[in-house]
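Student: Chains as they are written, first to last, in our numbering: chain A, 1 to 174; chain B, 1001 to 1174.
What you were told as hints is all true, and nothing was included just to trick you.
Quick list of the computed label-pair ranges, beta carbon to beta carbon:
| # | chain 1 | residue 1 | chain 2 | residue 2 | range |
| --- | --- | --- | --- | --- | --- |
| 1 | A | Arg92 | B | Gly1084 | 51 to 57 Å |
| 2 | A | Arg2 | B | Asp1021 | 32 to 38 Å |
| 3 | A | Arg148 | B | Arg1058 | 24 to 30 Å |
| 4 | A | Gly23 | B | Asp1055 | 32 to 38 Å |
| 5 | B | Arg1153 | A | Gly102 | 42 to 48 Å |
Keep in mind that the hints were calculated from the coordinates and are not lab data.
Everything numeric in this text was worked out from a predicted model, so none of it was measured.
Beta carbons: idealized from backbone N, C-alpha and C, even for Gly.
There are 2 protein chains.
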Amino acid sequence: MRPRVIVYIAASVDGRIATADGGIEWLKPYESADYGFDSFMKGIDGIVMGRTTYDQVRGFGAWPYDGAPVMVLTSRRLADPAEGVEAAKSPRAAIARLEALGARRIWNVGGGKTIGAFFDIGAVDELRLFTIPLVLGAGPMLVAGTRRPATLRLAEHKLHAHGVVEQRFAPDDA
Amino acid sequence: MRPRVIVYIAASVDGRIATADGGIEWLKPYESADYGFDSFMKGIDGIVMGRTTYDQVRGFGAWPYDGAPVMVLTSRRLADPAEGVEAAKSPRAAIARLEALGARRIWNVGGGKTIGAFFDIGAVDELRLFTIPLVLGAGPMLVAGTRRPATLRLAEHKLHAHGVVEQRFAPDDA
Chain A
1 MRPRVIVYIA ASVDGRIATA DGGIEWLKPY ESADYGFDSF MKGIDGIVMG RTTYDQVRGF
61 GAWPYDGAPV MVLTSRRLAD PAEGVEAAKS PRAAIARLEA LGARRIWNVG GGKTIGAFFD
121 IGAVDELRLF TIPLVLGAGP MLVAGTRRPA TLRLAEHKLH AHGVVEQRFA PDDA
Chain B
1001 MRPRVIVYIA ASVDGRIATA DGGIEWLKPY ESADYGFDSF MKGIDGIVMG RTTYDQVRGF
1061 GAWPYDGAPV MVLTSRRLAD PAEGVEAAKS PRAAIARLEA LGARRIWNVG GGKTIGAFFD
1121 IGAVDELRLF TIPLVLGAGP MLVAGTRRPA TLRLAEHKLH AHGVVEQRFA PDDA
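Same shape as in the complex, but just chain A (with noise of 0.2 Å):
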């Protein structure tokens, strides 16, 4: 069995993941409370992004996924990139190199047209979403440039500090 596949993300009430220009600081005044984040990410052994998202977590300084194995989905070479990470052309190559790797469990972790390409192979085993009560207006969506739409479960539904509100998806036929 392939390794399972979660997205674990945040967007605000309209859908975005981030500010036009990119930005993720409106996520500030929500960040003190507990969404599960540890404790999801301890059971995570391998990472999978989109290169938009990764060079913007490269920007931002230490790079914060030691330990865990990375792809980045992409074709332009990755320069310098940080230890563990690499390159994969496709969702499929990205899962088939992790699972390789001896990962079990996959964060998913964007942006919008990673997660579009991984629904489009019916390879997002676990969605957890987190609505922020705030709309953007603009920006980069959940999820982008699919094919076709994908019927969802609700697997659970929680209300978190902040009116921040948890719906765990999973795939219909699951």
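Go by the hints and put chain B onto chain A.
Tutor: Chain B in isolation, oriented as in the chain A frame:
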């Protein structure tokens, strides 16, 4: 005090209100449950919508909003408008005209640009968002083209049938 403006709308998990071609047939499987729409409509005495939404609803056949005055945000003429339908050039003009017609509670039907334009002038008093457990991946957004983010306050959240989660938001300063 100006009339209260309420957005009551369904969106996909990824914040889209229609497919890329404007279709809403994906809502059909979820329509059999009671989302409180009839009771909501009983309290509505004015309606505002964008031009694209109007043209689409007009194309459905019988005009569904008999009785309540409807403002359509548009700079173009409305050919053969349904009874009670008028054109308005701006959110403020629409609100003022509906107020003059005695409206106290206005339903902002959408689409995303119309909702965004109302957020831009601080004229969304309540947002009732029904998240349908489905990813569209493409199509118009719940809120589009706003000039600034708006923080909200989660007033209520509720699980409906079919795994539909309702979140009811008020302006953060309310």
